[in-house]
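Novice: Reassemble the complex: the two chains are provided individually, in unrelated frames, and hints are given to aid placement.
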Amino acid sequence: MVGFRVPGSGRLAALAVSGALALVVAGCGAAPSGGGGGKAPLVIGFASPLTGAEATYGVSDLHAIQMAAAQVNAAGGAAGHRIKLITCDTKADPATGVSCAHLFVSQNVNAVIGFFNSTISIPGSAILHAAGIPMVTGASTNPKLTEQGFKNVFRVCGTDNFQGLVEAEYAYNVLHARTAVAINDEETYGEGVSQYFAQNFKRLGGRILSTQGVSATATDFSSVLTQIKGLHPAVIQFGGFNPAAGLLVKQARGLGITAPFISDDGTIGPLFFQTGGSATVGSYLSSEPAPQDLPTSRAFVSAYVHRYGNQPTEFAGYNYDALNVIAQAVRADGGSVGPAAIIRGLSGIHSYHGITGVINFDSVGNNVTPQYLIYQVQPGGGNKVVWNPNAKAATG
Amino acid sequence: MSLAELPQQIVNGLVVGSLYGLIALGYTMVYGIVRLINFAQGALYEVGAYLGVVIFSVLADAGLRNPVLGLVVAIVVASALTGALALVVERVAYRPLRHAPPLAPLVTSLATFFLLMSIVQVVTGAQPLNYPQVLAVTPWTLGPITLAPTAALIAVVAIVLMVAMHLFVQRTRTGKAMRAIAVNRDAAALMGINTTRVVALTFALGGAMAAAGGVLFGVNYGTVTYNMGEFGGLVAFTAAVLGGIGNVPGALVGGLTVGVLSSFATMVLPNQWQEAVVFGILIVVLAFRPQGILGERVAERA
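Protein chains in written order, with the numbering used here: chain A, 2 to 397; chain B, 25 to 326.
Just chain B, with the same shape it has in the complex (with noise of 0.2 Å):
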């Protein structure tokens, strides 16, 4: 272990952190408002970072060669796609469901979560698919940071989408809805809040962020899985509890908490105890501080 490499440490993490981030809105966002954790959340990431491909390829069909035009159409329409089908996810999976007993829904949702991702190993021929290259491998050094430019692009996206789901939550009519929500169902029902079409909304919402992940995810590695899902779904839940589930910009904090921790990791033991002391070290902060870092104690509704 060496001091020397702590600044790229932490760089690492944050940027993997942000993608973590990301995807676990999407939990967050779901939990804060209709107390579920929707586990789909996984699988619509992976989902978003294969339609990727399919977004790259048609755009490199068509002779699109700009890659900032064309990332930035790969994000967009990846994430309305994935949106769209979280709202499917949400129609089929969720509302018919929305009175019975919460374990219900959660097991609906870990239902989905394998339903897509099988759909995808089953379309793909469990094959990796590759990205293109979008932006130059030649790394910026800033004294003892080196940072690639994709890597770059994942943490500025990642937080900018982050920040503005934040306000969007906040300062706007639907975001207060939301939040209406959240305190009591019922109450917003009768206030007249269409509270249907919002936690349609919230689930579409969810999907767009985590496919936004995904796309990123796929310009920066380069190369997407099957299963992928997976573990990215597992690491994002885990961000989102550790920030307090049902805060959004919990979220960011516990994505990049993961992130720096599991950086860390690989400085003080083997590569292969990472994921051992990172989840380790979730015990540990959870038994501290069960409603997460900026969580509250949410009371038990009747």
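Next up, chain A with everything else stripped away, as it sits in the complex (with noise of 0.2 Å):
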């Protein structure tokens, strides 16, 4: 599950279904044919929310895999296959992702990235797999994905867990923490991340008080809160979204509680600092780097600007690179692009230095060395990096 959605979006994004699959053949015109000559092209599916209320993620991820293309086909293609895209709209609802993950079949692309959102890539992976097409997501981050046991799902991001992970090494080592209050939003999401807090919390030496599951509709914290404020934890952690997450700060706060609060990329953005005002300035936030805070990803991040206008979005970079491992895959297993020969070469990725960092997959398709950063929220509701686990070793 991404980062960012909006309470409500699924109920109308099912009213939005109307059957109109938004059909893309998007062959990169503006690049030249590449030096393939008559090599048949390396067809990739790229299926995304492209409109409605998280088409900002999808379109900027697009971009990117656009840029991506464009760049290995100038160069010459992959080990000479000119790469040609099929885009198609999921519009963020899982019965039209699906029909994108049939349309992908039916076209016989020989790769496929996408489906930015966990609901729609899970089902999606299962129609890929039953095809033997082989999967690469740059945005699905819901550990379910790769624990299905298809050997043609890979994911350059990393999953929900690593969050709770380096929550809770943030909240014990960092902070000093030894108390903890654990609350979740009872969704997939928020319970993986905070059950992974919580279990990493305690690994480390921590105690958690108490767990709690509050519903993500609910608006009134106030009876939860006033119990947590009996247990006076050191830190309060939340897996979830926003508006709960800016509700249970504000109302945390209201009541006098004041340790920091500790979320995750389901909460990062402006809608936590409009929800709870400045009651969020000084929460932490773990999430996957804004490919502005990574130095890898600088000379994206401009020829990204220079190109588009506007700046690249939270999984763009994840997207980039995973259009490039699938050309790295190409060019590895003997510049075949069939799809088995994809998944061949996507399995023995290792060391592969992306942009977003270095991509090793294991047996179930997981990049291992996924980074995250801890955020603070700033007065005035920017974020701030505070905490880069990647760069604890140099720091000491």
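By construction, these hints were calculated from the structure, which means they are not laboratory data. Glycine included, each C-beta is placed from N, C-alpha and C at the ideal position. Just so you know, not all the hints are guaranteed correct.
Covered stretches of chain B (in silico footprint by chain A; criterion: 3 or more residues with CB under 8 Å from a CB of chain A, positions within the stretch not fixed) [stated by the list, open to error]:
1. 26 to 33
2. 155 to 165
3. 170 to 176
4. 284 to 298
Specialist: As structure tokens, this is what we get:
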């Protein structure tokens, strides 16, 4: 599940399913035909929300992929195969997203990058698995995606579990907290992050005073917060989304609870500050790095800004890496664009230096070395990096 | 469960409960006079909350920075506009059906509820909207009780409005006319009371109270959602029935009871059980006292 969910968007999206599938065949026409000569094109299907509430992310990811494809094609293609993109709009709706997967199968694509929302990636991956088509995701972070035993699925971004780990390390090692309360919004994503936080916090030696589930749609948390106040935790961790996160922290401060608030990339973003106001300032949020915050992404960000005139969003870099990893797999496995050969090539990816960091796929297709950062909400609502666990060794 | 947190939990319950009571007023007044459950009330509460967002942003654009003045303007204007909307609802969805069987206006009030909520959803794109931070977040502490200024505001304004409404019904000429219609509409008309106008006014007052509740909700919680009318409307309806529907002080008593019960529920059972416990207790209370806490058994009218 990707970070920013708009409450109610599911219902709206369900209403919006009109059956009209926006299909764009974008052959990266701007790029020269490459040095491929008569070689078959490498056809990559890309599916993400290109309209609707999450379109900002989907379109930015598409731009990153188009830029990556143009760069590969300009350099002669992947082992001589010119990249051709087929784009499909999921509208962030599972039913529409699944029809994108069927479309890719019927178009005989060589590989797929998708589907942004884990709720679509999971059923979509099953359809691609049955068809033997490789799938790489640069945005779906739900652990379940790679727990299905599908050999065709690869993930260049991290999983939600890593966030729980990084939050626990930060709370215990940096904030020196020894007691915590873990709250989740009773949805798959929030529950997962909160559970991994609690596990790792205990493993480090901390004590979880209470685990609480709250409804994602509730607005009044005063009763549960009153209980938490009586426990005097050193930190409060929350796994979930806004507006619940913003409401929780605002009401906690209103009840005089001063313990630091730690949450995740479901919470990070303008809505947190807009909902919780000044009460959110000082809160800690774990997240995959924004491309602007990664030294290895600098060239990508400036090329992107030059090409599109705006900043890439959170997952654009991972999608850029996803396309390059597929091109690399084609080169590695004797230059064949057959789906089976690409799956073999992807399985062999080791220590690939992408712009989001080093990529190493394990046996189930997860990148075992994803990067996560801890951000802190600043007065005015901006986020600043306060901790980079990857730099731990360097800073001692 | 710890008894030390009891005073705080009671205060938490009284704060949300006074908000429920304010919305419940509209249900109870309309029911008391025309024997109709006006389900549109929940949607009027939501519309009022969204109008508050618009009013605050207009005030900010106009350069008005005084938070107290802004709050008063927001409550008054949102209540006036929502009261006017309630008049339209009465004219379109109730008045043409006043001689129809009682189920017909019940269905049109439900239809109005869904219609208004859908309009809010479409107009705002289902995005939650945010209120500006009107008052400071720094809470007040009094012994074992900590209270955010906005939470105190909800309770104070809601109770003042409810007392004012009670006095209006009991002490004014129009209030007397309302009570007369409640007893016998035909007789009231024969006495020269303009029943059509008084019934319309009752709808408008109910809508205005709901809108005030909506603005107070927005100021305290900071965020309003397109489906807030569902839960708010349902709980307020329950509060009205629990307090004794048709009885103005009953709305306050019912609201506070529901609020405090839901606060206590989380002390005994996990948070997820909150609503189940509240509504479970309601079934028990109504089984023994179907007329509600303050209500009197209303004789079926011939």
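Novice: Evaluate each hint against the coordinates.
Specialist: Hints, one by one, checked against the model:
Chain A is given as covering the stretch 26 to 33 of chain B, and this holds because 5 residues of the stretch bring a CB closer than 8 Å to a CB of that chain, at least three being needed. Counting residues of the stretch 155 to 165 of chain B whose CB falls under 8 Å from any CB of chain A gives 4; the rule of at least 3 is met. With 5 residues carrying a beta carbon less than 8 Å from a beta carbon of chain A, the stretch 170 to 176 of chain B meets the three-residue requirement, and the given coverage holds. For the stretch 284 to 298 of chain B, the assignment as covered by chain A holds, since 9 residues bring a beta-carbon within under 8 Å of that chain's beta-carbons and 3 suffice.
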